[in-house]
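Asker: Residue-level listing of the chains:
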Amino acid sequence: MERRITIAVYIVIFAFLVFFLRLWDLQIIKGNEYRKIDERNRLRVIDIPAPRGIIYDTKKRALVKNIPTFDIAVVREDLPEDEATLSSLGRLIGLSADDIRKRLSRATAKPFQPVRLKQNVSFEEVARVEARKIDFPGLQVNVVGARQYIYGDSASHVVGYLGRLSIEQLNAPEYRNVPRESFIGQFGIEKVYDAALRGIAGKKIIEVDAVGSIIRVVRIQRPVKGRDINLTIDIDLQVEAEKSLEGKAGAVVALKPDTGEILALASAPSFDPNLFLRGISYKDWRRLVSDPRKPFLNRAIQSQYAPGSTFKIITAIAALEQGIVTGNTTYTCRGSIYFGRVFRCWKAGGHGRVRLYKALVESCDVYFYEIAKKLGIDTLAQYAFGFGLGRRTGIELNGEVPGFVPTSAWKLEKRHEKWYKGETLNTVIGQGYLSATPIQMAKLIAAVVNGGRLFKPHLLKYADTDIRPESIVKIKPENIRLVKKALMGVVADRDGTGRLARSEIVGIGGKTGTTQVVAGDVTGGETPDKYKDHAWFVAFAPGENPRIAVAVFVEHGGHGSTSAAPIAKRIIEAYYRQG
Amino acid sequence: MIDRRLLNNFDWSILVVPLIVSLIGVMTIYSATRPVLDAEQESFYLRQFYWIILSLFVFFVVVSVDYKWFIRFAYPVFIFGILLLVIVLVAGKKGMGAQRWINLGFLSFQPAEFFKIFFILALSRYLSGTGQATMLGMSELVKIAAVFFIIPAILILKQPDLGTTVILLFIFTAMVLTAGIRKKIILITVIALVVSLPFAGNIIWKGLKGYQKQRIIAFIDPQADPRGIGYHITQSKVSIGSGGFLGKGYMKGTQGPYRFLPENHTDFIFSIFAEERGFLGSAVLFMLYFFIIWRGFDTAKKARDTEGCFLVLGVTFMFSFYFFINIGMTLGMMPVVGVPLPLMSYGGTALLSNFMALSIIENVRMRRFALYY
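Line by line, the protein sequences are chains E and Y.
Sequence positions in the first sequence follow the numbering used here and run 143 to 721.
Sequence positions in the second sequence follow the numbering used here and run 748 to 1120.
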């Protein structure tokens, strides 16, 4: 008996030894591991979104606003998921029980994290849900910051919109610190300056108990508000530009010639970025992307067309500088000339005896054909390049296209053909291979009236007011004066092609341009829109020390003189009226 | 009256060490049930403290009566215990899905808790009567198993209270083994068990309640569903493991008060203790328990008669099994069986029953010198 008791004691000692070993294993060997699990149990990291920077126009008017929106969410672990509860919850928030079940099952939230059932609900709905919240444990209304675009579809191509992180962005290093659920800039300035605008999201580490009640806040890392952005855009002028494009497809760029500050950059048709307030609906998105008029296309920087007669400004400068013509050089226009084939002037009857002034004012093609006979394409291209064509302006928006300036080398390389002189005749009047964007044309006219000093068009206000030109084209002042005088004549003279831009308020100078869509004259009856030519007008005002330069482009607008010139006038007058 | 010599032979360690452990229990209950959100502290710790005072009183009452009287009335008391078990099934109070309580109006208690001691009394009386020289034979074994174990086991299983039934089985087996049975029987029993295990296991498995099955699954693979059935085991291991060597410090544990570990002040009180006091504190606590158990076996060896020896063996086994099953469970080495940690877990009846067991050890120990008596 005593022996058996002793055995029992040994068994007990053995059991204690086993327990000690187990305790050692759990607390010493795996201690850190369990400590981590313990922390994962009770510590939750909550993102505190940073207020997004506000985008202002040049007069410090906010173009965007951060507004609260409301989501209805539910903590699954707290909600009894029986049919009765789900269907009465469904009635409350306007979803079917199946919808709710689907949303809950799709959710990949961590335990005790709310699952979003409905987003961007109205105040009424919020009130209704709040009133009945006690009937549905786990139901909550969450406030989510969203972006409102105060001026609706105005300047939407500039300001842009927000969207959820795409799959690629989720993995991209520049978005590493962005909370996964957040909205980021996906277009326009919102996208380009997203890093500055979005600020730095804060973090809150909280301690929760098993049912997710907050016990205490362990640590708060406050969010850093996003930086505000001041644009050079003048929203009044912008709205005016958009109004003047109403019903048309086209673009207007207005800038300050002596700084490159863009006052208005309009592209029509436009879209309302408020549709993206909390993620655009599939229907709206389909409608916008399948619209044949391409509302997302920023025509001011993303569409390139032959500049037409607006290019004659460059030809004129090149000819003067190269000494091919002077202000007194005269050619006779009989409506066309023969150079390998017939090259027509737009005026069938001809302009008669023409000097450079008249050639620009009345946009005589023959005069420029005569120049083309003596002017090499590569020399002309050098002037075109000099005035910023053929390369991106570097405006702070994505997707800008460079336009194109042909050279003999290019032709030999790409087309394996030498350059024909006849092609120069086409090029001098802005047709043929040449293409340019409205922003480039605005930069060009600004540089011309500035005496050859090129300023980079920009949307962000620089802190430094002393803005230096990015490059200078050396032109004799008398040549500039001559060209400018002619451009004033385009608008001021009785026979000027830009006379529809004439203003009572201010002296406007400019040049019309028409881009042929189909070669030759389409005669007889109304021309269908899609065969109509594109209309250009580049303008500046006033004649001395110009304060504004404008480029107008109207797709299928017909003639530059009739459809584009009045728009330029309207914008310049609006600019002057506001002083 | 109490003999002076009895007082001289009184072993204070059998009272003081358990008292220390039970006070550690009160402190741990206090920490485990402390409110973490602004709520009032529930008075579990206070009620436990009152039960300790009551237990001390009962301890001295039990000690003052020579245990030969217990032996003398062992059978009537056993029958009384069986009656209580029947009453609890007929008129008992339900709590947490089981019918275990008898309500007397001014207090309610669990008869099964006390029955274990009645059971030990009766078994001790019987085994001491069989004489030491002869080993128990087969027919006798079946007989005592039927009378002393099977009947109460069925009644307790009906409540249902698997934990107590298992403890009864263990006590019975341990006492019978210590009393001595023929090797042939042991051999046959082991073979029979092994052979019938698939068959009997199936019957037992089917007889188990849903939650009992889940606990066994959870024990075998806690990771199968860590938020569901494996939750208790996982969280208990997290509590203990996160304590590390020195522990998080008193009132600094989080697993319990934050309700990650359910039933933290009853069955999982050790997890809370280990979280706050670490390996060091747990080791000291284990030493204290070992001392109590060792003292029990030592007393059994020194008892003046076989009645005393079996009595002390029985209560020591009971105490040990509770300890091992509970700690084994909290350490994740055994399935979750609703068995409290003796002296520390919240619960008045169990505390009282444990102090009664200790007082029986003391009773036998202080009267071990039969010649002088």
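Misleading hints may appear alongside valid ones.
To be verified - Under the rule of at most 30 Å between Cα atoms (straight-line distance), these lysine-lysine pairs were calculated in the BS3-like manner:
1. E/Lys398 - E/Lys260
2. E/Lys436 - E/Lys516
3. E/Lys201 - E/Lys515
4. E/Lys598 - E/Lys563
5. Y/Lys905 - Y/Lys960
6. E/Lys275 - E/Lys333
7. E/Lys172 - Y/Lys999
8. E/Lys385 - E/Lys515
9. E/Lys178 - Y/Lys999
10. E/Lys398 - E/Lys385
11. E/Lys385 - E/Lys603
12. Y/Lys995 - E/Lys172
13. E/Lys345 - Y/Lys956
14. Y/Lys960 - E/Lys346
15. Y/Lys815 - E/Lys346
16. E/Lys178 - Y/Lys905
17. Y/Lys999 - E/Lys345
18. E/Lys367 - E/Lys260
19. E/Lys616 - E/Lys598
20. E/Lys385 - E/Lys346
21. Y/Lys905 - E/Lys172
22. E/Lys346 - E/Lys515
23. E/Lys346 - E/Lys178
24. E/Lys346 - E/Lys367
25. E/Lys202 - E/Lys346
26. E/Lys346 - E/Lys333
Claimed, not checked - Per the computed footprint, the stretches of chain Y lying under chain E, defined by three or more beta-carbons under 8 Å from a beta-carbon of chain E, are:
27. 900-908
28. 1067-1077
Derived from the structure by calculation, the hints contain no laboratory data.
Nothing here was measured: the structure is a model prediction, and the numbers come from that model.
Cβ atoms here follow ideal geometry from the backbone N, Cα and C, with glycine treated the same way.
Asker: Against each hint, give a clear statement of whether it holds in the structure.
Answerer: Verification of the hints:
Of the supplied pair hints, the one linking E/Lys398 and E/Lys260 is violated, its CA atoms being roughly 47 Å apart against a limit of 30 Å. A hinted pair counts as satisfied when its Cα atoms are at most 30 Å apart, and E/Lys436 with E/Lys516 does not qualify at roughly 42 Å. With a C-alpha separation of about 50 Å, the suggested pair E/Lys201 and E/Lys515 falls outside the 30 Å cut-off, and the hint is violated. Simply put, E/Lys598 and E/Lys563 have alpha-carbon atoms about 33 Å apart, too far for the 30 Å limit, and the pair is violated.
At roughly 17 Å between alpha-carbon atoms, Y/Lys905 and Y/Lys960 fall within 30 Å of each other, so this suggested pair holds. Note on E/Lys275 and E/Lys333: the hinted pairing is violated, with a Cα-Cα distance of about 38 Å set against a maximum of 30 Å. At most 30 Å may separate the alpha-carbon atoms for a hinted pair to count; E/Lys172 and Y/Lys999 meet this at roughly 20 Å. For a cut-off of 30 Å, the pair hint linking E/Lys385 to E/Lys515 is broken: about 43 Å separates their Cα positions.
Taking the CA atoms of E/Lys178 and Y/Lys999, the gap is near 16 Å; set against the 30 Å cutoff, the hint holds. For the suggested pair E/Lys398 and E/Lys385, the alpha carbons sit about 21 Å apart, so the restraint of at most 30 Å is met. A threshold of 30 Å between alpha carbons decides the hint, and for E/Lys385 with E/Lys603 the separation of about 25 Å falls inside it, so the pair holds. For the given pair, Y/Lys995 sits about 15 Å from E/Lys172 by alpha-carbon distance, which is consistent with the 30 Å threshold.
Restraint check for E/Lys345 and Y/Lys956: the C-alpha separation of about 46 Å exceeds 30 Å, so the hint is violated. Proximity of Y/Lys960 to E/Lys346 is assessed by CA-CA distance (about 41 Å); at most 30 Å being required, the pair is judged violated. The hinted pair formed by Y/Lys815 and E/Lys346 fails the criterion: a straight-line CA distance of about 68 Å is larger than 30 Å. A distance of roughly 42 Å separates the Cα atoms of E/Lys178 and Y/Lys905; the hinted pair therefore is violated under the 30 Å criterion.
Only pairs whose Cα atoms come within 30 Å are accepted, and Y/Lys999 paired with E/Lys345 is accepted, the gap being roughly 24 Å. The hinted pair formed by E/Lys367 and E/Lys260 meets the criterion: a straight-line CA distance of about 27 Å does not exceed 30 Å. The hinted pair formed by E/Lys616 and E/Lys598 meets the criterion: a straight-line CA distance of about 17 Å does not exceed 30 Å. For the proposed pair E/Lys385 and E/Lys346, the alpha carbon gap of about 47 Å is over 30 Å, so the pair is violated.
A hinted pair counts as satisfied when its Cα atoms are at most 30 Å apart, and Y/Lys905 with E/Lys172 does not qualify at roughly 41 Å. With a CA separation close to 74 Å, the supplied pair E/Lys346 and E/Lys515 exceeds the 30 Å bound. With a CA separation close to 18 Å, the supplied pair E/Lys346 and E/Lys178 stays within the 30 Å bound. For the given pair, E/Lys346 sits about 16 Å from E/Lys367 by alpha-carbon distance, which is consistent with the 30 Å threshold.
Between the alpha carbons of E/Lys202 and E/Lys346 the distance comes to roughly 33 Å, so the proposed pair goes past 30 Å and is violated. Proposed proximity of E/Lys346 and E/Lys333 is supported: the alpha carbons are some 27 Å apart, at most 30 Å. Counting residues of the region 900-908 of chain Y whose CB lies closer than 8 Å to any CB of chain E gives 0, which falls below the minimum of 3, so the coverage claim is violated. With a cut-off of 8 Å between beta carbons, the region 1067-1077 of chain Y has 4 residues touching chain E; three or more are needed, and the interface restraint holds.
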